[in-house]
Amino acid sequence: MISKSVPEPKLIFDKSRPGRVGCNLPHADTPAVDLGATLGELRKELHLPEIAELDLLRHFTNLSHINYGIETGFYPLGSCTMKYNPKVNERTAAMPGFANLHPMQPDATIPGAFEILIGVQEMLQEITAFPYITLQPLAGAHGEMTCLMLIKAYHESRGDGKSRHTVLVPDSAHGTNPASAARCGYDVKSIPTDADGNTDLAALAKALEGEGGKEVAALMLTNPSTLGLFEPNIEKICRMVHEVGGQVFCDGANMNAMVGTTRPGDHGFDCMHLNLHKTFSTPHGGGGPGCGAIGLQAHLEQFQPMPVVRREAGEIFADYDRPLSIGRVSAFYGQFLMEVRAYTYLRAFGKEYMADISRHAVLNANYVRARLKDVLPPAHDRPCMHECILTAEKYKKENGVRALDISKRLIDYGFHPPTNYFPLIVPECMMIEPTETEAKETLDEFCDAMIAICREAVENPDLLHDAPTSQIVGRLDETAAVKNLDVRWNPKSAPVPAGV
Amino acid sequence: MPYIPHTEQDRREMLATIGAASIDELFREIPANLRVAPGALDLPPALDEARLLLHLREISLKNVNLADTACFLGAGIYDRYIPASVGAVISRGEFLTAYTPYQPEASQGFLQTIYEFQSMVAELYGMDIANASMYDGSTAMAEAAIMATGIKNRDRVAVSEAVHPHYRQVLDTYCWSMGIEVVTLPHEGGETKDYMAAGESACLIVQYPNFFGGIESLSEARKAADAQGALLIVVADPVACALLKPPGEYGADIVVGEGQPMGVAMGLGGPMVGLFACKKEFVRQIPGRIVGRTKEAHGDRTGYVMTLRTREQDIRREKATSNICTNEALMALAATVYMIALGKNGMRTVAESSVLNTQYAIQRLTDAGAKLKFKSKVFDEFVIELPKNPVEVRDLLLKEKILAGLPLGHYYEGLEHCLLVCCTEMRTKAEIDHYASSLKKILA
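Sequences listed follow chains A and B, in order.
The numbering of the first sequence is numbering that gives the first Met the number 0, which starts it at 0 and goes up by one.
The numbering of the second sequence is numbering that gives the first Met the number 0, which starts it at 0 and goes up by one.
Looking at chain B on its own, in the form it has when it is part of the complex (with noise of 0.2 Å):
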C-alpha cells in the first residue's frame, strides 16, 4: 500500500522502541468484544491505481455529463466556464494539503489569498467586510437569518417565495432546531412586493436576482425592513452584481450568496462556497473565521492572522457566534483566482454575455411557442410556460442533448407548466437555435 511507507523492519524497530510485542498490544484497552480482526470487514477488494482509473472512469461515464449537453439549467448553479489558472492554483499542494492557518507565520500565503478574497467579495457586494467564506449559499443565508435574530432579539424571520426553496428548506431546518419562527413573504408575478406577512420579524430576506430570475426592487425590500424595523437579507448573486447596482449601494445589512460561479465545478452541487459579508457594525456578529492584516509583534513586517477568533467555537464554546469550524478555503481560493483572471472587465464580459444570451433566448424560445410567464426585468434566467408538461418537453430535449431548465410544478403551485431557463456566456448563439427549433417541433 503505497500510502502507507513502512516495512517490516520499521514496525519491529518501532514497537522495541514503544515496548510493545505486537502492534494488536497497542489496542488492549478496547474491550476484546468490541475488536475485529484486520481483512474481517465485508468490503470490496482492494483495487490498484490503474484499475481504480478504470472502474471510476466506466462509473462517471453512466451520467450525463453537462461538458457534452448544452446546459440550460441554472436555478442556483451556473455553467460557467472556469479559467485554466484557477486549476493551476488550487492543485498546488501548499494550498490544497493546508488546513486552517492556525499557525500564521507558516501560513502567510494561505491568509494573505483570503484576505484578498474577503475585499473582492466586499466589492462586489457594495458591503463593508466579507468573512473568509460559509459551506455554501443557503447555509451562509440560514446563519445570516440567524444572526439577524440576535442583533435584533426578535425570534421570527421573513423570507420572500421568491428565494430558492432549497434554501428556504434550509432556512426552515435551521430554525426549527433553534425555534424561530419562519414566516414566507408570497410571490407576485414573480417578485415580491408584499412585506406585509413579516411582521415583528427579525430580517427581512430577498434574493437578487430571485428564484425566477427577476431582479426584486432592493430599494422597497429596504424600505420595508425600516417600516418593521428589521434587518434586511440579500441573496446575491456575485456574477450579476458585476453589473448590477450591488445590494450594499441600497443598504442592505447582510449579503450572502453562493460563490460557485465564480470558478468552482458544478460537482453536483458540492463542494460550493457560501458567501458572507455585511454592515462593518456587525463584524463582532459575523460567523465563521476572518482574516485581518496587522503587523509583526516585534518588528515592522505586514503579515495576516485570523482575527476576531473570540467569536468562534474553539474558544467561546457555547457562546460562539456560529458552531463553523471547517469552512471552504479551497473554493473561496478558487473564487479569488476566478476573480483576479477575470478582473473588472472580465466580470463585467461574463455578466453581460449571459444577459445577451438570456435575451435571444427569450425571444427565439417564445417564437418558438413558449409564452414568457412573468413581467420583470432579468439578468440571465427567465420562467416559460409550456402548453405542455415540462417535464415530457425536458426529456425529450435531452434526447437533443439539450438540458432545457427546470420544471417548477414540483417546487410552486400554479406552476406546473413552467420551465426555469438560464443562459450563462457559455450558451451559444447555435445551441440557443437549436433549442429553440427542437422545442418548436416538440410543441408543434
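Okay, chain A solo, but in the shape it has when bound (with noise of 0.2 Å):
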C-alpha cells in the first residue's frame, strides 16, 4: 500500500496532450462520405483525454495500488462474502465461444451458452431444493425485486392482488429488502426482532391476525438473519404466513452458510434470491456485476420473466411462450459471462466438496467469534453461521472509540474493514464474515489485529480517531462532499496544459 509521501494521483484529464491516442485502431476501408449531409448535426466538441497507451497502464497500475481486494488481503466485509475468485473461471468466460456472443443471434447457433444456462440451473436447483431457477436477473436487489414480482403476479391470478398491499420485513433486514418492497408498488411493516436474534413470533402472528393477514403480500426474510444467527423457528414462521395466504421470500445473500449442508427450498420459503457474486464466486469487480439468480416453488413458475431457459425431451430451449409471465427484468439473458464463471465453480466443487463450502465458512466465523469474543462480545450467545456479531459498545462508552474508529484503524494493519452499523439493531455493530477461503493464519493475524487494536482503544484512543494514516489520504470529508457537490471533472475549468 501507497502512504501519503505518495503524491496525491492526477487525474487522466489532468494528463492529456492533444494528438495522442491509446490504441491503434480499425479505419473503415470503405468510401468516404461527407459526414454532414449523411448524419445531420454533429458535435463541436469532444471533451476526452488524449493518452497514449504506457501512460494510460500506468494511470490504472497506480490507482490499483490504492485499492484493496480480495487479492491484497484479508477482506471481511460482513453480508458480502469476500471469498476468493479462482483464476481458471475468468480463463473459462473469456473462451471466444462465450464472450463473443451476441444475445439475439439464433438460438440454434449458442446451444453451448444454453447449456451453460441449464447447467447453472440445475445445479442450483439441487443446492437449493427449489425446483425452478431463473438466471434474468443482474444482481441481488434486482433478483429481491423479481421474486416480489412474481408474488405480486401470484396473488393478482388469484384475485388478491390489489388487497394484499403490505410486506413484512425484518428490522434487521438489508435495506434492499425494504426499498425493493417499495419498488414494487408495496407498502412495508417492519417485524422486530426477538432478544434471542429470532424474528419475533408474537410479533409476526400479531402483523399476520386478522383484516391485517388479508393485507400480507409476503414475509422477506433473510436466513441465516443478517444477525449471522439461522432461524430456527423457519419452518412455523412459514407456516403462519401461508395460513393467512402470504408468500414468504428467502434473502439469499447469506447462502454461503447453507451450501451443500442445508436447502432453503426444504424450508418452507416460496421463492428466493441468490447472489453468485457471493456465494459462487463471481468476482465483485468493485461494486458489480452482481448476478442474481432466483429460485421458485412450482406454483409460481408460470409467472417466470422471459426468456425461460428449459430442457426438455433432451432439447434445451428458450421458451417465449409463456402468458402469465411478468414479462422482461432485463434485456437478455441475465449476466451469461457470469454464468459460466458459476458454472466453472459448481463442477470445479461437484458432488463431492459442496458441503465444504458452508462448512468452513462457518467454521471460520465460529472461531473467529470464539477468539474475538473477550475484547469484542458476540450480539448474541449462539453459535454463528458463516458470520459473526459483535458489538463494540463498550469501547464507545468507556473510550469514546466507535465501531468506525476501530475498522478505519483495521486498515493501518493491512486488513479490509468488516461492516459497521447493521444490522441496526447491533450497537456499535461489527459484522465480520471471514468466508471459507481464508486460512486460519490470515485469521490469526486478523484477531491479533483487532486485540491489539482494542487494547489501543483503552490505552490511546486517539491512534484510533486519527486512523487511517497509512493510506493515500485520511479519512475525507463526507459532508463537503455534499455540500461542495463536484461528481464530474469540467472541461471549462480545467487549467490550459504546458506547451499548447
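Taking lysine-lysine and the DSS-like style, the derived pairs with C-alpha atoms no more than 30 Å apart in a straight line are:
{"hint": "1", "chain 1": "B", "residue 1": "244", "chain 2": "B", "residue 2": "372"}
{"hint": "2", "chain 1": "B", "residue 1": "318", "chain 2": "A", "residue 2": "188"}
{"hint": "3", "chain 1": "A", "residue 1": "43", "chain 2": "B", "residue 2": "376"}
Derived from the structure by calculation, the hints contain no laboratory data.
Assembly of the complex is requested from the two constituent chains, each provided in isolation within its own frame, with the hints serving as guidance.
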C-alpha cells in the first residue's frame, strides 16, 4: 500500500496532450462520405483525454495500488461474502465461444450457451431444493425485486393482488428488502427481532392476525439472518404466513452458510434470490457486476420472467410462450459470462466438495468469534453461521471509540474492515464474514490485530480516531462532498496543459 | 480443494478454540430434518482444473462464435473492437476482487476511476452529471422513467415504438409493478413524429439513434415534451454521440444508454453496463451510486467518496430513490479505459468508420436486391426489405459465415420482410462485398 508520502494521483484529464491516442484502431476501408450530409447535426467539441497506451496503463496500475481487493488481503466485509475468485473462472469466461456471442443471434447457434444456463439452473435447483431457477435478474436487489413481482403476479392471479399491499420485513433486514418492496409498489411493515436474535413470533402473529393478515402479500426473511444466526423457527414462520395466504421470500445473501448443508427450498420458502457474486464466487468487480439467480416453488413457475430456458425431452431451448409471465426484467439472458464463471465454480466443487463451502465458512466465522469474544462480545450467545456479529459498545461508552474507529485502524494493520453499523439493531455493530477461503494463519493475524486495536482503544484512543494514517488519504470530509458537490471533471474549468 | 486451505490439523485446532467437538456441532441450530449430509446432493462429480478447461472449451465450441462469423447484427449490442489495455486493467486483482468502496481510504483507486467514468459519460451525452452506472441500458431506461414519475408526480410514461422492443418490455414490467401506465407512441416511417398519444405523461422516451438506426429529431421531441410539461428521456448510443450532436445539447432531461459498445464483450448480453446522466437539478432524485471529489476531514489532500448517500437503500430503506445496490462497476471501469484509450480522436474514428461502412453496405445490399425500408438518416444501422423471408435468408447467410442481422417480423407488425442490419468499424469492405454477393445469389 502507498502512503501519504506519495503525491496525490492526477486525474487522467490532467495528463491529456492533444494528438495522442491509446489504441491503434481499425479505420474503414470503405469510401469516404460527407458526414454532415449523411448524419445531420454533428457535435462540435468532444473533451475526452488523449493519452498514449503506456501512460494509460501506468495511470490505472498506480490507481490499483491504492485500492484494496481480496487478492490484496483479508476482506471480512460481512454480508458480502468476499471469498477467493478462482482464476480458472476468468479463463473460461474469456473463451471466444462464450465471450463473442450476440444475445440476438439465432437460438440454434448457441446450444453451448443454453447448456451453461441449464447446467447452472439444474445445479442450483439441487443445492437450493427449489424446482425452478431463473437467471434473468442482474444483481441481488434485482432478484429480490423480481421475486416480489412474481408474488404480486401470483396474488393478482388469485384476485387479491390489490388487497394484499403489505410486505413484512424484519428490522434486521438488508436495506434492499424494503427498497425492493417499495419498487414493487408495496407498503412496508417492520417486524421486530426478539432478544435471542430470532424473528419475534408474537409480533409476527400480531401482524398476521385478522384483517391485517389479509393485506399481507409476503414476508421477506433473510436466513441465516443478518445477525449471522439460523432461524430455528423457520418452518413455523413459513406456515404462519401461508395460513393467512401470504408468501415467504428468502433473501439469499447468506447462502454461503447453507451450501451443501441445508436447502432453503425445504424450509418452506416460496422463492429466494441468490447472489452468484457472493456464494458462487463471481468477482465483485469493485461493486458489480452482481448476478442474481432466483429459485421458485412450482406455484410461481408460470409467472417467471422471459426468456425461460428449459430442457425438454433432451432439448434445451428458450421458451417465449409464457402468457402469464411478468415479462422481461432485463434486456437479454441475464449476466451470461457470470453464469459461465459460476458454472465453472460449481463443477470444480461438484458432489464431493460442495458442502465444504458452508462447513468451512461456518468454522471460520465461529473461530473468529471465539478468538475475539473477550474483547468484542458477540451480540448473541449462540453459535453463529457464516458470519459473526460483535459489538464495540463498551469502547464507545468507556473510551469514546466507535466501531468505525476500530475499522479505520484495521486498515493501518493491512486488513479491510468488516461491515459496520449493520444490522441496525446492534449497537456499534461489527459484522465479520471471513468466508471459507481464508487460512487459519490469516484469521489469527486478523484476530491479533483486532485484539491489539482494542488495547489501543483503551490506552491511546486517538490512534483510532486519527486512523487510517497508512493510506494515500486520511478520513475524508463526506459532509463537504455533499455540500460542495463535485461529481465530474469540467473541461471549462481545467487549466490549459503546458506546451499547448 | 485448492480454494479451501484448511488442513486436518487446522480444523482440529480451530474446533478446540471454539469448544466444539465437530463441525456438525456448529450447525446444531438447524433442525435435523432440514439438514443434508455432506456429499448427499445429486450433483455432477468434481473436475480438476485441466478437465474443467477441456469441458468448458468443448461446450463453448458448440456455439457460433462471432469472432469467426462476420457480425452484421446490432440491435443494442455491438461488435466493436476492445483495446488490449481494457482486459489488462480490469483483470487486475485490486480492481476485479474489490467490492463497493464503502471504505474510501482503502478504495481511492476505484473511486477515482468512477469519478473519471462519470465525467466522460456526462461529456459524451452533453449532460451536467452522470452516476456510477446501472445494470444495463434497459433497466437504466426503466429507472429513468420511474424517476420522472416522481419528479412530475404523474403516473403515466410515454415511450416511442422505435425504442428497442426489449427495453420497452422491461419498462412494461417495472411499470406494471409500480402501477404506472405506459403509452406507446407510434413510429411513422421508422421515426417518432406523433407525440399526441402521450397525454399527461411524466416523460417522453425516444432512442437516439433509434432501434431502426434512424436519427430521431430531438428538437421535435424536446418541443413535444415542453408542450406537455413532460421530461425528455433519451436512450442514446454513446459511440454515436462521439459524432452526433449530443442529447444534452437538445435539452434532454435524462439520458441513459447501454455502455457495452465501449469495451465490454458482447457475452450473450451480460454483463453490460447501464449509463445514466441527467441535469444537475435532478441530482437528488438520481438512482444508484455517485462518486464525488472532496478533501480530507483533517488535512488538505484531495480524495473521492460515494456521495449523496441518503438517496440509497441501505440508509433510506423503503424511501430510497431505487433499490439498486451493486451496479456494474467493473464494466464501467472497462468503459472508462475504453474512452481513455480511444480518446477524443479514437472515439470519432470508430464512429466515423461505422458510418462509412454502413453507407457502403446500404449501397451494396440495395444493389443486390434489398430495398431500404425507411428514408431516415442513419448512423450504423438500417432496415432493409427483402423479397424473401428474412429468417430464411439469415439462416442461409449463416452458412457463408455472415450473421446478416435481425429479422423484425417478431417485433413489428408490417415489418415481416425486414431485416435490421448493422455495420460497426469492425466490418471490412471485403465482408460487406461478400454479404452483398451472397445475398444476390440467394435472392436470384
